[in-house]
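For the record, the sequence lines run as chains A and B. First residue of the first sequence: 1, per this note's numbering; consecutive thereafter. First residue of the second sequence: 1, per this note's numbering; consecutive thereafter.
Errors might be hidden in some of the hints.
Think about it this way: if two alpha-carbon atoms lie no more than 16 Å apart in a straight line, the pair counts; the simulated EDC-like pairs of lysine to aspartate or glutamate are [said to hold, decoys possible]: (1) 6(B) to 213(B); (2) 92(A) to 122(B); (3) 69(A) to 101(A); (4) 62(B) to 243(A); (5) 62(B) to 160(A); (6) 177(B) to 149(A); (7) 276(A) to 265(A); (8) 91(B) to 149(A); (9) 140(A) to 91(A); (10) 69(A) to 99(A); (11) 69(A) to 160(A); (12) 19(B) to 95(B); (13) 69(A) to 46(A); (14) 69(A) to 149(A); (15) 280(A) to 257(A); (16) 69(A) to 91(A); (17) 92(A) to 119(B); (18) 237(B) to 227(B).
Since the hints were made in silico from the structure, they are not lab data.
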Amino acid sequence: MGKILSMNQAIERFVNDGDCVALGTALEPLIPFSAGHEIIRQGKRDLTLIGPISDILFDQMVGAGCVSKMVMAWAGNVIMGVGYSLRRAVEKGIPRGIEIEDLTNFSICLALNAGAMGIPFFPTKTLLGTDMFQSNSRIKEMVCPYTGERLALVPALVPDVAIIHAQRADEEGNTHLWGSIGVSKEACLASDRVIVSVEEIVEREVIVSDPNRTLIPGFLVSGVVHEPWGAHPSAVQGYYDRDHEHYMRYHKETRTEKGFARWLDQWILSVQDRSKYIDKIGVGELQRFRVARSHEAMPVEYGY
Amino acid sequence: MTDYTKSELMVVAGAREIKDGELVFVGMRLPLLAFQLAKATHAPNAQGVFENGVLRDRPAGKPLFTMGDAPCIEGAVWATTMLDIMTLLQKGRVDLGFIGGAEIDRYGNLNTTYIGGRERAEVRLPGSGGGSDIASLAGRLVIVMNHERRRFVERVSYITSPGYGEGGGWRERTGLKGGGPVAVITTLGVLRFDPETKEMFLDSLHPGASLGEVKDVTGWPLRVGAELRETPPPTRKELEIIRKYDPNGFWTNR
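Only chain A is shown next, with the shape it has when bound in the complex (with noise of 0.2 Å):
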């Protein structure tokens, strides 16, 4: 069976409390809900996120109280702008104080690609002149010991374990992911464990009939976990597009500390697995974010 595991198998053997866990990282799409909710039901804690834009993922995490860091460049609800779990948290110490080191986009892909590459650091010419030096301590600044300029230097990041969600993978873990990609390459190379959860388990005649479309090889992936709307609310190119829906409610409910906790309780935590999450919401009601308009792509060539 390869390393087809449960998510809940996958989260309690690759993910410790304590750990380093990039999320999130192709931005607004294949955000990996399933995961993140299973880790909420274990009760991790002590964890650091880490992540470009989790949307209300890294939100729901901080609020259910498994988080004591996050390294990361923007967290909310990107279309309804602030989370309110992670404002509890910072302003107020609810449910647990966080500590926060900011980044930008840029500057976690390049941390996150040194940890990849196995060096220190990466030099950029972001972050300069931003008070990003004041909240993350482990941002420095060097002249350039061959032309003279101003350099802001970036440490590695090495994350324990990077989860992400795909269209499909085999047995194996080889991975196939299209559409945004974000981060994603850059946080799997550089961390010790992958987590992969997918749409779709597929022969690995699939995999290898277009390798251009392999994000990352097998060998690489701890746990491969088969996980149908797994990303949900979030999109997955050629499968379902994002619930909008689901992120305003998301912002109206969770105002409140007790809003907050009536939500986990609905959402996550009264619900045993993401197969109980799709027959919550409902089939019929999730047909409604399937692809409507196809547009394949034209096969390639890779013969010789």
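Based on these hints, arrange chain B on the given structure of chain A.
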């Protein structure tokens, strides 16, 4: 003709900052609408890059809520990594960047991270995202935001996205590559920057807005340009295009 919202006027003013053939780094909300309007009118050859890794030369087939929505990738010219897109930016290939802000000061510095400073944060905002990178590295920067007293302050308490720092030659001294902000499009007018001091001044007033009103909601003694103009209102055609891309007025408050 007053049948338009302030947000629609801001979109129109934003679109006019885009020149034909430019590579534009497009943020969501009003900047996206401005880019789409410019393409449909005076800048058909402009191309847009989105930080999730997408380059488009035509508008998406459906209104977008986020840059990662399936229609933003369908029909794109390039769907690559965020690192590739940011590489274009740092290399100096992006002509114009477009971002919003929560708090701005007289030299165009933006704060979207901590209101009240980091140590005694009254409000934790979402943070930079790609905004700081765009403000630092794009050839020109256009900022779109609401004109309110709490947002237009003498000095921001935290610089997320650098404008002209303390003014004058600050950007050069700091080592920033991009040219810095050229326009701040607000709910009341369009503000630009003095070429020497880099201080923001009022260049045009939107129809219906008064100078007194603008000064009241600006937290420093605001200078006024030599020839204060009225921002040209949207044309019927411009409004039709905006409403096509924001049919329910989600972003333009219709």
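Taking the hints in turn, this is what the structure says about them:
1. 6(B) to 213(B): 15 Å, holds
2. 92(A) to 122(B): 10 Å, holds
3. 69(A) to 101(A): Roughly 8 Å separates the two Cα atoms, so the pair holds.
4. 62(B) to 243(A): Status holds; Cα separation ~14 Å.
5. 62(B) to 160(A): 39 Å, violated
6. 177(B) to 149(A): 10 Å, holds
7. 276(A) to 265(A): Holds. Residue 276(A) to residue 265(A) sits at ~14 Å (cutoff 16 Å).
8. 91(B) to 149(A): 15 Å, holds
9. 140(A) to 91(A): 27 Å, violated
10. 69(A) to 99(A): Roughly 5 Å separates the two Cα atoms, so the pair holds.
11. 69(A) to 160(A): Cα-Cα ~14 Å, so holds.
12. 19(B) to 95(B): 9 Å, holds
13. 69(A) to 46(A): 7 Å, holds
14. 69(A) to 149(A): 33 Å, violated
15. 280(A) to 257(A): With a Cα-Cα distance of about 23 Å, the restraint between residue 280(A) and residue 257(A) is violated, given a limit of 16 Å.
16. 69(A) to 91(A): Distance ~14 Å between residue 69(A) and residue 91(A) Cα, so the pair holds.
17. 92(A) to 119(B): 13 Å, holds
18. 237(B) to 227(B): The given pair, whose Cα atoms are some 28 Å apart, is violated under the 16 Å limit.
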